[in-house]
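Protein chains in written order, with the working numbering: chain A, 420 to 591; chain B, 198 to 397; chain C, 925 to 1142; chain D, 233 to 625.
Note that these hints are calculated values from the structure, not bench results.
The calculated label-pair distances, taken between Cβ atoms and stated as ranges, are:
1) A:P465 to D:R430: 40 to 50 Å
2) B:I261 to D:G435: 28 to 38 Å
3) C:D1088 to D:R530: 41 to 51 Å
4) B:S229 to D:D346: 55 to 65 Å
5) D:N282 to A:P543: 35 to 45 Å
6) D:D346 to C:K1126: 35 to 45 Å
7) B:H377 to D:D346: 38 to 48 Å
8) D:E538 to A:A577: 25 to 35 Å
9) D:E442 to B:E376: 51 to 61 Å
10) D:P422 to A:K580: 30 to 40 Å
C-beta atoms are modelled at their ideal positions from N, C-alpha and C, and glycine is treated no differently.
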Amino acid sequence: MGITAKNFIASYTKPESLITEEYPEEKPKLPENNRNFPFLVFDDDPDAGLRCVSCKICERECPPQCIYIVQERDENGRPVKQPKVFDIDISVCMSCQICVEVCPFDAIKMDQEYELSSLDRFDPLIHDRQRLSKSNEYYHSIHPAEAAAVDAVLAEKAARKAGNKKAADNES
Amino acid sequence: MAVDEGLKSELSKQGVFVTNLRELHNWGHKNSLWPLQFGLACCAIEMISATMARYDLARFGAEIFRPSPRQADLLIVAGTVTKKMAPQVVRLYNQMADPKYVISMGACAISGGPFKEGYNVLKGIDRYIPVDVSIPGCPPRPEALLHALMNLQEKIQADQLGPEDQAETAECPVPEFGEHDLEPSKNPGVWHPPQIRRGE
Amino acid sequence: MNALSTESIAARVREAVPEAEVELIPNKGPSGQDSLLIGAAKAVEIAAFLRDDPELRFDYASNVTGVDWPERVVKERVTATEEVDGETKEGKKVVETKIPGFLEAVYHLYSMERKHGPLVVRLRTGDRENNVTLPSLTPVYRGAEFQEREVYDLYGIRFDGHPDLRRLLMWENFADYPMRKDYTPPDDYEYEPTPHDAVLEKAKRHQADDGCGKGDPA
Amino acid sequence: MNPPSETGSPSPNPAESPRYRTAGYDSDAQLLEVSLGPQHPSTHGVFRMNVALDGEDVVKLKPVFGYLHRNHEQIAEQVSYLGSMPYTDRLDYFCSLSNNWAYAAAVEKLAGIDVPERAEYIRVITSELTRLVNHTSFLGFMLSDMGAWGTVLMYAFREREKILDLFESLTGSRMMGNYMRFGGCRCDLPPGWLEQARKVVDGYPAFLDEMESLIATNEIVISRTQRIGRLPADKAVNGSMTGPCLRASGVNYDIRKVDRYGIYDRFEFRVPLGDHGDCYDRLMIRFLEMRETLKILRPALRDIPEGPVMDPKARQRNLRPPEGEAYARVEAPKGELGFYLISDASDKPYRYRVRPPSLINLTLLEDLCLGEKIADVMVILGTIDIVLGEVDR
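Starting from the given sequences, assemble the full structure and let the hints guide the process.
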């Protein structure tokens, strides 16, 4: 009894004892590492800027096999480094982040959106390419430190590529 | 029905609240859901978390978890439904008081989730009973459950008081244990998956 | 950790239990956990000896599990000399050896008293269909009771002398042994939005059922 | 007929073993058969027991499993070594990080991978925090099984949330960490994490004192747990009981001390043991274990060195361990959690087996309950502390 009373009084006097989170009026502040479902990052343009090159590594490595990718082809039927279809079935996804870890192009990242409940179990829970594509700025807004590190790596890669090309040009 | 929305909001600004029986009934109903205390797996722990001090499901009027299905009108399927468990879930659903609602919480309850390739895992409880709200996530955060509950409340608010909604929900047939699988493997009365063509 | 080598334990068992069939199976991997293959005939006596011998005192059966080894063909390339057109040629030849299938029960024993282990003990059945009976070690180690039931349930090894051999996880009239490598799961692939490989094949069969569908832009 | 002793020579006829003696009830009396579960508020999920009652006394109790059999082992044999890691989170969903460690340790043994020192420290810290989470929620559930609905569970979950916040900021998820990798941990600690963890650890003794004063001398708790469900030491060993339940019977066997895996030999902590092996001992030993855990956490949080958290040579994708097999075990909060892997040099395990402490600790459930009252069954089951995700896998 005494302990209950102590806790009861503390809930009026001590701010740290007020632990109830007033969702939905007050959204929780998620830590940077928080993850829920994957999304695709694009730079500048949501269509051409998609970092995904449709290499299908994530599709192969996904433990519950909830990613489905079809590669884009140009008019001549040659494969283009773009996904034509990129579907993630979030009714199967278990938020394990393995797709993010194995992606060599930093194209797929984890989102923090969680208000996804729906009255229909089929279509709204399959996220297609349009639904998955989100800008690099959005990525920065949810994972600031990680996104900055990724940007640095990508910039370095691009510089090295440019350097190689320059060197190759100089040689020839 | 007779009072239009514009007049209603005008009146409410004046301190006069107009309602009708249907709205009043639904308002009362949506704010006093009695969920069945029924945890299956990992998601059940998040469901318990949602009822605890930090998230406090009581703010939505749904804190009275009843251990008996006869006293409950909301079934939160929280976790993997295995084939061995599916008949029991259907039976519990049949025993619940009308009108009743089902939330399938988490990937496993919706579709079998990460375990869907297992021989004993049911690919979604909606194969046997009608589901009102689905929450993806593995497990969904407690906030996601609250979000789903608000979704459900909206749905209840739109319910009609007519005879079709008040009629008793038809009993779902309880599947039997077969030699290789449950028989039948689905209830065609409630399960209508869209056709998806792949790999052509 | 293990002061007693598996070899010396095998020797002690052979000495103590007459007519015991004990074979050392070396582990090729870096873990170095060798195992003892013991014959079914004397398995209970051997287990009781392992448990009660004051030096060994493997009093705790930690883990019991089954392994399915279907019939397989091992292809080995061997160098062989051949006489072709009167000349002796050295060539590579593929020799196929057929290894008949069997089921295996694996026990991991530890000693709580002397704090050593693990000792890996294996028992093998004659084949995978008819000759699947092994002696139960539950009378020696109570801790094996549920685990042997699980092995019976999932692999179909019948444990002779088990006090209560029923299916543990699946329902009673389930007919298959689902952990065997050749088990075919029931066909419930009606709705597969992200299918791959084998699942894709099965999902396609359901797609053929009715023509109306959402359609893949591909 | 003399019942053979538990450690004596094997009994040829199992019906003679003491457990299958029916506990001296009047065979003419009408027995009442009750099916407890699978939907029952105190069975911690979907566990079921078929109980035969003579009046209120239990004369037979047969557990029924499989209501949460999710085919973890079969699925793991179909996905890559890395792909099984997130599934291990869902075994014992209170203790995902200890499960991660056990699985990572088994693969490391199988493939011969080393772990850098900082990662070892992180593993110790996270799995000891997991132990706190598990034992704390255990207390809450245990007390609500005994009828103290709400209060204790509410306090326990309040503390649990603090540790879950730590897990979330480290691994990204409240419950399903998927954090450890073969040869280390997935990512380094975020900035400020250690201070936050120290704060939680420093605040814990006050919470434990509060809980202890609620529980330890509570009259109802004492009368419902003392001398209920007694388990003698030799029986516990023969029945492969592990974890706190084994030590409550007075057997000094803690894998952290026996195997000295990871870096546990660097910490000074004691192994609490019980005297009577009854429910009260099993309840109180969790308090003592939590206090010992704090003794490990404080120096670990202080001494953690800088450095990499991954072995740079370790492969995650396309890991193909050499042919062979390995069994590795850790002291999970519920007992000995082991993973047994057989590799055939492909990228998927040929055989993947989990040694679930929760299932094996239930072997002796019938023995503990025979002769007790039906209401005590829930208390006994509660003190064994099972999680169905691990029992049925």
